[in-house]
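Asks: Now for the letters of each chain:
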Amino acid sequence: MRLILSVPPCRISPMTNLSLEQRLALLADSAKYDVSCSSSGSSRRGAPGMVGSTGRGGICHSWTADGRCISLLKILLSNVCIYDCAYCVNRSSNPVPRTVLTPGEIVTITMEFYRRNYIEGLFLSTGVVVSPDHTMEQLLRVARRLRREERFNGYIHLKVVPGADAVLVEEAGRLADRVSINIELPSRRSLLLLAPDKPRESIIEPMRRLSGLIETSRLERRRSRNAPRFAPAGQSTQLIVGATSENDRQIMTLSEGLYQRLGLKRVYYSAYVPVSSDRRLPALAVPPLLREHRLYQADWLLRFYGFASHELLDDAHPHLDMRLDPKTGWALRHLEQFPVEVNRADYHLLLRVPGIGVRSAQRIVKARRTCRLGEEELKRLGVVLKRARYFVTAGGRYLGGISMEGPELLERLTAPGGRRASLEQLELFPARDLSVVTGEL
Amino acid sequence: MGRYRYDGSFEGYLSTLCLALAERDEAVEFVRDAPETEPGLFDGPAIAVVTGKGEAAAFRERFAAEVSPEAFSMLCYAFHSEREGIENLLWQYVRLGLQAGPRLCSMIADKRVNRVDRLARAVSREAHRYKGFVRFRELEEGFLYARIEPEAYIIRFLAPHFARRVGDRPWVIHDLRRSVAAVYDLAGWRLVHDITLTGSPRFTGAEEGWAGLWRSYFRRLAVEERRNPKLQQKLVPLRSRKYLVEFE
Ligand code: SF4
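Just so you know, the sequences run in chain order Z and B. When we follow the numbering used here, the leftmost residue of the first sequence carries the number 6, and every step to the right adds one. When we follow the numbering used here, the leftmost residue of the second sequence carries the number 43, and every step to the right adds one.
In isolation and in its complexed conformation, chain Z is listed as follows (with noise of 0.2 Å):
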């Protein structure tokens, strides 16, 4: 399918006067709102007189003022646009200096900084410019020296262009270790209200297909290990949060139905930084950063420890709750479930107690093979109790204390002594991209 398009002339010629740190640092701009930074999920190996090698688990090289990692050298070809989405820094009705760098400079800058271990990969985007076409085919210009002239084994994400014809798709899956595009907006109606140039069709679609191609992959390299890659660490997306009316619910349903149907490996939120005044948006003072972070808590939820969307959220409880994380608001909701015994409980249990995680889950698993376990022993096995000691028993005895009853058990939880939620709480997850399974929920 290809997408028509209304290219309206291009009013913004970039500016190409400017020394190579100005350009950088006018395109970091342009990229750093998407969020997206990991460099998991794909093992490439290297070798003497090679260059690059990704890991399994994603590493962290620096943390930026804001605390997201810095995994890759996140960059725009160029923050020229031809379309007009209202919430983004790049829109085409944005007075904001444009410029570009050269396919070779962003080849030069990645091999320099990749040797000083300053970055994990690559990870580049770009406005559209002159047609979805030409705009893929830049980004694969870049994609296709570091493999084939530079010999660069190091991590590379490529953005997809909606609409770009099949075949340039294809070698995008073949030079990546990760393609995405990014839905920016939850619903429908709120594309077509903020996003005109861009039916939510034209990016579905082209995720389905790229779906389709990673899955076809999958299974003929099971069948032969010399069958080609297409982006063996899968495709991700980002949602904006805040801009537009949706509740968590419909948010996390989507993330669930991209999951389940799209098979993919990551759904970023990005609570919404006010890039403009347009009418069509809200003018938040600050961005839900909280929401933001519940909502990655829930997400985790989904991915990790067996819970659907319809078990977080409802029509009753369409938004998550602020005050709690959404493990802790569903146990609350299901206090019948609870205590649970530390020896007996089956891993899938002990996923759903407040405070255990899955490195927590699976050290009492395998520790309770040898020794029975009682509340020093889950103390030295590292399981934090704050929170989780309401909802277990050890060896038979309760270690909450206190009877459990609902509306108690809440303000316990909450109370300033329980430390009260808050931007302080974004400190629970410290290292989102780090390893996927460190979120202790």
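Treat the hints with caution; some may be incorrect.
Unchecked claim - In silico lysine-lysine, DSSO-like type, Cα no more than 27 Å apart, as pairs: (1) Z:K371 with Z:K391; (2) Z:K384 with B:K153; (3) Z:K391 with B:K272; (4) B:K173 with B:K272; (5) B:K276 with Z:K391; (6) B:K284 with B:K272; (7) B:K173 with B:K276; (8) Z:K371 with Z:K384; (9) Z:K371 with B:K153; (10) B:K276 with Z:K384; (11) Z:K391 with B:K153; (12) B:K173 with B:K284.
What the hints assert, rightly or not - DEER-style ranges, computed between Cβ atoms: (13) B:R125 with Z:K391: 37 to 47 Å; (14) B:N130 with Z:R228: 34 to 44 Å; (15) B:Q134 with Z:D319: 47 to 57 Å; (16) B:R66 with Z:R374: 28 to 38 Å; (17) B:P144 with Z:L25: 50 to 60 Å.
Simulated from the structure, these hints should not be mistaken for lab results. Please read these numbers as outputs of a predicted model, since none were measured by experiment. Glycine included, each C-beta is placed from N, C-alpha and C at the ideal position.
Could you slot chain B with the ligand onto chain Z? The hints should help.
Replies: This is chain B with the ligand only, laid out in the frame that chain Z set:
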């Protein structure tokens, strides 16, 4: 009681374990080869252990077979924590392991195993973090040079990673706390001990340019509305910033 003097290396320690196990010792004292550990007047004589690759490998094979490869890797990580008394702690761990067999690794709630498990995980975590924190600088001498000052002796866990990654240039990773360096010469890497800097390293002309470009990119990437320096400091503690060019 056996009293053994060894060279302080992991291989040396494994050789010592071999010997102590063969002697059927129970309580064992380990002494490191270092000027400050000259035997005191009242200390008994120590048996000098000759570090042998063969013995070390034999122990490794035995332990991996009778207990598990995972348990051996715990032993290895924990040893490199360089914690006071680590030799004795691991001696208990090894003896317990040879009794308990493959169950050892699931005994993480047992005090003796738990302490080893904690140390091992701390070392492995630090090694992982340093895979991101190493910063190479290009020197006039024609190689890439990185300085680190980690808590644990992690350089031997880092070197293989960088040998796979930066395979087209010679490089040196220098642990200044321990005066030891991993040196890669395009064919492979080795550890060199007792390294001292005779002057400050001379960076190439291009080096400052790239470091500067990285620095300005790094600053630009933070979203002002999301500023959270406290969180940043938790993720990159001040002590690990010393050689990170973006924090210079
Ligand atoms: S097409 Fe992409 S870069 Fe262009 S305005 Fe829309 S979101 Fe921004």
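Asks: When you check the alpha-carbon spacing of K384 of chain Z and K153 of chain B, does it fall within 27 Å?
Replies: Holds, at roughly 11 Å.
Asks: Holds or violated: the 34 to 44 Å window for the beta-carbon distance between N130 of chain B and R228 of chain Z?
Replies: violated (53 Å)
Asks: Just to be careful, I want the Cα atoms of K173 of chain B and K284 of chain B compared with a cutoff of 27 Å; is the pair within it?
Replies: With Cα atoms ~16 Å apart, K173 of chain B and K284 of chain B stay inside 27 Å; holds.
Asks: Need the status of pair K391 of chain Z, K272 of chain B: alpha-carbon distance at most 27 Å?
Replies: Holds, because 23 Å separates the two Cα atoms, which is no more than 27 Å.
Asks: Between the alpha carbons of K276 of chain B and K391 of chain Z, is the straight-line distance 27 Å or under?
Replies: holds (21 Å)
Asks: If I claimed the Cβ atoms of Q134 of chain B and D319 of chain Z lie 47 to 57 Å apart, would that claim hold in this structure?
Replies: Distance hint for Q134 of chain B, D319 of chain Z holds at roughly 54 Å.
Asks: Honestly, do R125 of chain B and K391 of chain Z meet the 37 to 47 Å range at C-beta?
Replies: violated (28 Å)
Asks: Would the hint linking K371 of chain Z and K391 of chain Z be met if the CA-CA limit is 27 Å?
Replies: holds (22 Å)
Asks: Within 27 Å, alpha carbon to alpha carbon, are K371 of chain Z and K153 of chain B?
Replies: At roughly 15 Å apart (the allowed maximum being 27 Å), K153 of chain B and K371 of chain Z satisfy the hint.
Asks: Take the C-alpha atoms of K173 of chain B and K276 of chain B, compute the straight-line distance between them, and say whether it is at most 27 Å.
Replies: Distance of about 18 Å is within 27 Å: holds.
Asks: Holds or violated: the 50 to 60 Å window for the beta-carbon distance between P144 of chain B and L25 of chain Z?
Replies: Given about 57 Å between the Cβ atoms, the range holds.
Asks: Within 27 Å, alpha carbon to alpha carbon, are K276 of chain B and K384 of chain Z?
Replies: holds (23 Å)
In summary, the numbered hints that this structure violates are 13, 14.
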